[in-house]
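Colleague: Okay, here's what each chain looks like letter by letter:
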Amino acid sequence: MDEQAILASLKNLRLMSVLPDDMIRLVRSRMTSEFLPMRQILFRKGDQGGALYLILDGTIAVVFPHDDGSDEVLNHLGPGEAMGQMSLIDPGLRTATAIAVTDVHMLRLHRDDFQEIIRSQPQDVLTALGDAAARQRLGYMDILKQLPLFHNMTDEALAHIGDRLSIVRLKPGEPLFHKGDPGDSLYIVDDGKLKITTTGSGGEELILNDCGPGEIIGEMGPIDYEPRSATVVATTFSRLLRLSREDFLDIASAQPIIAMEIMRNMSSRLRFATTYLEQAIEWSRHVAEGDYGDAIDQIKHSQTGIESGGAGSAAKATELLSAFFQMVNDVQRREEILREQVRILTIQIDEARRRAEVHSLTDSDSFARLKAQAARLRAERDEMG
Amino acid sequence: MTTQIISIHSYRGGTGKSNTTANLAAQLALLGRRVAIIDTDIPSPGIHILFGLDETRMHRTLNQFLHGECQIEDVGYAIGQMEGGAPGVSQLHGKNLWLLPASPNRDEIARILQHGYDVSLLNKGIQTFRRSLDLDYFFIDTHPGLNDETLLSIAVSDLLIVILRPDNQDFQGTSVTVDVARKLDVSNLEIVVNKALLSKYDSEQIKAQVESTYGVPVLTVLPLAEDVVDNASADIFSLAHPESPWSQRLKAAAEALDHRFKSG
Numbered sequence: 176m177d178e179q180a181i182l183a184s185l186k187n188l189r190l191m192s193v194l195p196d197d198m199i200r201l202v203r204s205r206m207t208s209e210f211l212p213m214r215q216i217l218f219r220k221g222d223q224g225g226a227l228y229l230i231l232d233g234t235i236a237v238v239f240p241h242d243d244g245s246d247e248v249l250n251h252l253g254p255g256e257a258m259g260q261m262s263l264i265d266p267g268l269r270t271a272t273a274i275a276v277t278d279v280h281m282l283r284l285h286r287d288d289f290q291e292i293i294r295s296q297p298q299d300v301l302t303a304l305g306d307a308a309a310r311q312r313l314g315y316m317d318i319l320k321q322l323p324l325f326h327n328m329t330d331e332a333l334a335h336i337g338d339r340l341s342i343v344r345l346k347p348g349e350p351l352f353h354k355g356d357p358g359d360s361l362y363i364v365d366d367g368k369l370k371i372t373t374t375g376s377g378g379e380e381l382i383l384n385d386c387g388p389g390e391i392i393g394e395m396g397p398i399d400y401e402p403r404s405a406t407v408v409a410t411t412f413s414r415l416l417r418l419s420r421e422d423f424l425d426i427a428s429a430q431p432i433i434a435m436e437i438m439r440n441m442s443s444r445l446r447f448a449t450t451y452l453e454q455a456i457e458w459s460r461h462v463a464e465g466d467y468g469d470a471i472d473q474i475k476h477s478q479t480g481i482e483s484g485g486a487g488s489a490a491k492a493t494e495l496l497s498a499f500f501q502m503v504n505d506v507q508r509r510e511e512i513l514r515e516q517v518r519i520l521t522i523q524i525d526e527a528r529r530r531a532e533v534h535s536l537t538d539s540d541s542f543a544r545l546k547a548q549a550a551r552l553r554a555e556r557d558e559m560g
Numbered sequence: 036m037t038t039q040i041i042s043i044h045s046y047r048g049g050t051g052k053s054n055t056t057a058n059l060a061a062q063l064a065l066l067g068r069r070v071a072i073i074d075t076d077i078p079s080p081g082i083h084i085l086f087g088l089d090e091t092r093m094h095r096t097l098n099q100f101l102h103g104e105c106q107i108e109d110v111g112y113a114i115g116q117m118e119g120g121a122p123g124v125s126q127l128h129g130k131n132l133w134l135l136p137a138s139p140n141r142d143e144i145a146r147i148l149q150h151g152y153d154v155s156l157l158n159k160g161i162q163t164f165r166r167s168l169d170l171d172y173f174f175i176d177t178h179p180g181l182n183d184e185t186l187l188s189i190a191v192s193d194l195l196i197v198i199l200r201p202d203n204q205d206f207q208g209t210s211v212t213v214d215v216a217r218k219l220d221v222s223n224l225e226i227v228v229n230k231a232l233l234s235k236y237d238s239e240q241i242k243a244q245v246e247s248t249y250g251v252p253v254l255t256v257l258p259l260a261e262d263v264v265d266n267a268s269a270d271i272f273s274l275a276h277p278e279s280p281w282s283q284r285l286k287a288a289a290e291a292l293d294h295r296f297k298s299g
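So the sequences go chain by chain: B and G.
One rule links them: number in my numbering = place in the first sequence (from 1) + 175.
One rule links them: number in my numbering = place in the second sequence (from 1) + 35.
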C-alpha cells in the first residue's frame, strides 16, 4: 500500500475521521511497522488492549472463542482495514481474538502516542472524538444485551446494531421528545442527565424520574411504535445513542439471525397479549420452523458467518423475515385503526415509599396526641347529640 | 336522619375537589335535603366563588369565627335565599343549602396561618350549626395534604371522600391517605376518581382497579371534560350543564349517596 492509500485508510476510520489532515499525517508518522507470520495470534480475547492495527497486506481473522471450545469467526480483515480503534480511547480488554490467516504486514499505533497527539487538539475535535468513541464503544453491547429485546443475541449481531447507532446531542433544557410523539427510537444515555416529565392539570411540570449514563429510554420503541408516555428533557449537556425503528427493521430483515432472535424475544414478551400481533408472530414462527428451519439452523451454526452460509437458504430466510416484518407493520397499523386503543389502567404503588410516608406521619407522639384529640372531639360530638 | 358529616379530601391540589364538593352538595339540596358546606381550606379558599360570593358580599367568614369574633350562625350564607346569580346557582333558589366560607383576604388568611386555629372550636361550631339547622349533610371541604387540622376534621367525620386524578402522583398519595385515615379509625372511606380520560380508559375498569388497589369503594369516576374546564369556575356546573357526562355521573353519585344514607 502506498502512502496515499495508507492516509486514506486512516481517514476512513471513525475515530480518525474527525481529525484534521495534518493530524492524520502526524498519526501516520508515529505508527510502527509490524510483521505477523501466518497462524500467529496478534492478541487474544481478554488481553489488555492498547494499540490500533492497520493492515497493509494479508488477512487477519477476528474470532470469538466460545466457552465450549468452539471458535466463531466474526470477521476477516484485509488491507486498509483496522482493528483496535477503541483501545486508543478506552484501554479496555480485547473482546475477540485476532489471528493471522496469511502472512500479514501492518502498521501499529500505540495508545500513548495517540493520546499525546490529540492532547493538542481544540475542543471541537475532542468533542467529535468523544462522539465517535461513543458510537464505537463496545460497552453498549452489554447495555443492549440486558434489554429483553436483545437478550440472547450474539456479540456479532449486536455489533451490527452498534454500527447503526446515531448520536444525539442535547443542550440543557432541550427536549429529546415530547409526550404523545410517535415513539420509534430507542436511546442509550452515553453522557449527561435527563429528566422524565409530564404535565399536571394546572399546566405545571411534574418530574417523574431522571436518567443518566448507561440507561435506556424507550426500549420497545422500535417494535411497539407507541406514542411517548412522557416528555424527556436534557438537564445537562447530554449525548445519547439512538437506534431508530428504520435501522432496527433494516438490520432485522437483512440479518436473519437477528430477526429470529428478536422474534423469539418479542413473542415471549407478548406471551400474554391477545393481539393480532402475537398471532402473527406465532404463525410466522411455525412457517419459519416448518419450511426453513434447517436453513436457519445452518446459518446459525455456520463456522464462516452469515455471508457464506449458503446463498440460497440465506436469501430465502431473509425474504421470509422481511415479509414477516412488513406484515407485522401492516397488522399493527390496521389494529390501531380498527380499535379505539382502549387501554388498561394500571396502578403501581411504590409500597416502600408508601410505608415510609405513613410511618413518618403516624409514628410520632404528635400523631398519638392527634388521635386522642380526635377521640375527644368525637365524644364531644356524640355528647351534643 | 342524623347529620352525615362528610369530609372531602385530596392528597394534592388540582383534583377538582372544591368543584366536586360544591356540585355534590348542590345536587343533594336539589333532592330536597338540608345541606351545608364549610370551607376549611384556610390557605386557599375557593368554594365561595362557585356560589357567586366574593369579598364584598361576605361580611363574616370562618376566619372571624375562629378568632372568636362572631358566632357560627353569622358565618352561614343561605344560598337558597340569595338573589340573582349565575344560571346554575339560581336553580338553588328556595333550596336548603348553606355555605360557611373562609376568607380570601390575604390578611385574614395570614392571621390564621400565623397562629393556627383551635380545631375544637371549629368542631363545636360545626356541631352547633348542624343542630340549629337540623342538617342532613354537612360537607367539610379540606385543604389538600395531610396536615394536623385536616386529619382532625377527617377523624370526626362520618364519611371521608378522597378525590384523586388517575395519575401516578395521586395514586401514590392516596395510598398514604388511606393508610393514615385507617390509623385514625375513620369509619367510612370512599373514593372519587376525577378528570379521568374516559375516551381512553373504561370507567368500570378504572373503578375495579382503584377498588382492588385500595380496598376502598369508588363512589364514581368522573371524566376529564373540556366543558367542565371552561365553565366550572364561577357556577355550579352540574346545574348549569346537566346534559354533560360529568354532570350526569355526578348527579348519579349524589343520588347513590343519598339513597345509602336515607336507608342506612
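Errors might be hidden in some of the hints.
Claimed, not checked - DMTMM-like mimics (lysine to aspartate or glutamate), calculated; alpha carbons at most 20 Å apart, straight line:
(1) G/K159 / B/D557
(2) B/K546 / G/D220
(3) B/K546 / G/D202
(4) B/K354 / G/D202
(5) B/K546 / G/E184
(6) G/K218 / B/E558
(7) B/K370 / G/D220
(8) G/K218 / B/D538
(9) G/K218 / B/E526
(10) B/K346 / B/E380
(11) G/K159 / B/E558
Worth flagging that the hints you see were computed from the coordinates, not collected in a lab.
Colleague: Run every hint past the structure and note whether it holds.
Modeller: Hint check results:
Distance check on the hinted pair: G/K159 and B/D557 sit about 11 Å apart at the alpha-carbon level, within 20 Å; holds. Straight-line distance between C-alpha atoms of B/K546 and G/D220 comes to about 9 Å, which keeps the hinted pair within the 20 Å bound. Restraint check for B/K546 and G/D202: not satisfied, since their Cα atoms lie roughly 30 Å apart, outside the 20 Å limit. A hinted pair counts as satisfied when its Cα atoms are at most 20 Å apart, and B/K354 with G/D202 qualifies at roughly 15 Å.
At most 20 Å may separate the alpha-carbon atoms for a hinted pair to count; B/K546 and G/E184 meet this at roughly 12 Å. Using a Cα cut-off of 20 Å, the hinted pair G/K218 and B/E558 is violated, with the two alpha carbons roughly 23 Å apart. Between B/K370 and G/D220, the direct Cα distance comes to roughly 40 Å. Violation of the 20 Å bound is thereby established for this hinted pair. Straight-line distance between C-alpha atoms of G/K218 and B/D538 comes to about 10 Å, which keeps the hinted pair within the 20 Å bound.
Restraint check for G/K218 and B/E526: satisfied, since their Cα atoms lie roughly 17 Å apart, inside the 20 Å limit. Distance hint between B/K346 and B/E380 is fulfilled; the C-alpha atoms sit about 19 Å from each other, no more than 20 Å. A C-alpha spacing of about 11 Å is found between G/K159 and B/E558, which places the hinted pair at or below 20 Å, so the restraint holds.
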